[in-house]
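First to last, the protein sequences are chains A and B. Okay, so the first sequence: first residue is 1 according to UniProt numbering, each after it adds one. Okay, so the second sequence: first residue is 1 according to UniProt numbering, each after it adds one.
It is worth saying that the hints were derived from the structure and are not from the lab. Treat the hints with care, as some may be off.
When the alpha-carbon atoms are kept at most 25 Å apart in a straight line, the in silico BS3-like pairs for lysine-lysine are as follows [claimed, not checked]: (1) A/K21 - A/K43; (2) A/K79 - A/K49; (3) A/K79 - B/K123; (4) A/K79 - B/K142; (5) B/K21 - B/K85; (6) A/K142 - A/K85; (7) A/K142 - A/K49; (8) B/K79 - A/K123; (9) B/K85 - B/K123; (10) A/K123 - A/K146; (11) B/K21 - A/K85; (12) A/K142 - A/K55; (13) B/K146 - B/K123; (14) B/K79 - A/K43; (15) A/K123 - B/K123; (16) B/K123 - A/K85; (17) B/K43 - B/K21; (18) B/K85 - A/K123.
There are 2 protein chains.
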Amino acid sequence: MSISSRFSVGIHILTLIEIDKDGVSSSEYIARSVNTNPAVIRKIMGMLKKAGLIKVQPGIAGAELARDLSDITLLDVYKAVNVVKDNELFSIHENPNPDCSVGRNIQNIIEPHFISAQTALEKTLENVTIENVVNDVKDNEKLNSKH
Amino acid sequence: MSISSRFSVGIHILTLIEIDKDGVSSSEYIARSVNTNPAVIRKIMGMLKKAGLIKVQPGIAGAELARDLSDITLLDVYKAVNVVKDNELFSIHENPNPDCSVGRNIQNIIEPHFISAQTALEKTLENVTIENVVNDVKDNEKLNSKH
DNA sequence: TCAATATGTAACTACAATGATTACAGGTAA
DNA sequence: TTACCTGTAATCATTGTAGTTACATATTGA
Chain A
1 MSISSRFSVG IHILTLIEID KDGVSSSEYI ARSVNTNPAV IRKIMGMLKK AGLIKVQPGI
61 AGAELARDLS DITLLDVYKA VNVVKDNELF SIHENPNPDC SVGRNIQNII EPHFISAQTA
121 LEKTLENVTI ENVVNDVKDN EKLNSKH
Chain B
1 MSISSRFSVG IHILTLIEID KDGVSSSEYI ARSVNTNPAV IRKIMGMLKK AGLIKVQPGI
61 AGAELARDLS DITLLDVYKA VNVVKDNELF SIHENPNPDC SVGRNIQNII EPHFISAQTA
121 LEKTLENVTI ENVVNDVKDN EKLNSKH
């Protein structure tokens, strides 16, 4: 099991839109950078748009961020691209035997621990913004240009 | 996407073995409590055995914990049942375009953030033991028997 | 020794999610 | 009107999950 790469692609898209904000970030252009199909990019951009992270218009090439760089966290992207349903990162087996003391209690006992773990993960993602990622890209580029 | 219920079933199995330690926890008995097929239970028990969490022997009915209750964490179970590969909870799209400043940096920039988030999740799981779960089951049973 | 019973495991199935691809409807602008 | 874009549906190959059946292998009691 792995969380869909829609998440990392979503981050890629937002970062690219910012880095190339003076140009036109069409789905085809972004697809070449991500190395996938434009339709895949358009689908993910549709999710980012629905979540209020970017502005895109039918018929008009390009996209722009709908919020400030520093106001978009990785958690926002994670939620936007719908890779994990709320409180369902972990799945719990259904219909355990109610005639067994373990069976009739296990779900309620396990659930809060699973939610805690998922919350810890999400809090971590919330501490990183697209601005951080953009700056990291710029820093990496500066370092490498010196060699 | 959801992390396989093998994880919650694994917790169920270990808890049941402890609660019924005076009896015989055969795969068929456990399967009735979990409400699934004995072969599914045997497969998961094989993973728990391989990870050194339980003792089982071919031909001999039943199983017992291989370690102290308080020495088995949910993280141990999580790793044992192989629901997520090491550092691969999140997947990152492969082969982004190296001719693009975002494409050639994005993987290295994103990866540490993903690992941090996964680590936060795992640390949370590490703080809960099978002993905690067993005690929760017993406490729930006591509470409900009073009504 | 043999019959009964258990674990270990392979093979097969149905089902769902992912990611790629093609196709096309509908919007925009020169 | 033409060219190009976004939005979206349909299809496909691949993969993981969970259930099921079947059977080899191990153990124990009669």
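Are the Cα atoms of B/K85 and A/K123 separated by 25 Å or less? holds (22 Å)
Has the given pair, B/K123 with A/K85, been kept, meaning a C-alpha gap of at most 25 Å? holds (22 Å)
Given pair status - A/K49, A/K142, alpha carbons within 25 Å: Violated, because 31 Å separates the two Cα atoms, which is more than 25 Å.
Take a quick look at whether B/K21 and A/K85 sit within 25 Å of each other, Cα to Cα. Measuring from Cα to Cα gives roughly 37 Å; hence the hint is violated.
Given the hinted pair A/K79 and B/K142, is their alpha-carbon gap at most 25 Å? Not satisfied, since the Cα-Cα distance of roughly 40 Å exceeds 25 Å.
Between A/K123 and A/K146, is the straight-line Cα distance small enough, at 25 Å or below? violated (36 Å)
What's the verdict on B/K85 and B/K123, does the C-alpha distance respect the 25 Å limit or exceed it? holds (16 Å)
Taken at face value, is the distance from the CA of A/K55 to the CA of A/K142 at most 25 Å? Answer violated: A/K142 to A/K55 is near 29 Å, above 25 Å.
Decide if the proposed pair is consistent with the structure: A/K79 and B/K123, CA atoms, cutoff 25 Å inclusive. holds (22 Å)
Take the C-alpha atoms of B/K21 and B/K85, compute the straight-line distance between them, and say whether it is at most 25 Å. Not satisfied, since the Cα-Cα distance of roughly 31 Å exceeds 25 Å.
Against the 25 Å threshold, does the CA-CA distance of A/K142 and A/K85 hold or violate the hint? violated (39 Å)
For the pair we were handed, B/K79 and A/K43, check the Cα-Cα distance against 25 Å. violated (34 Å)
Violated hints, listed in ascending order, are 4, 5, 6, 7, 10, 11, 12, 13, 14; each of the other numbered hints is respected by the structure.
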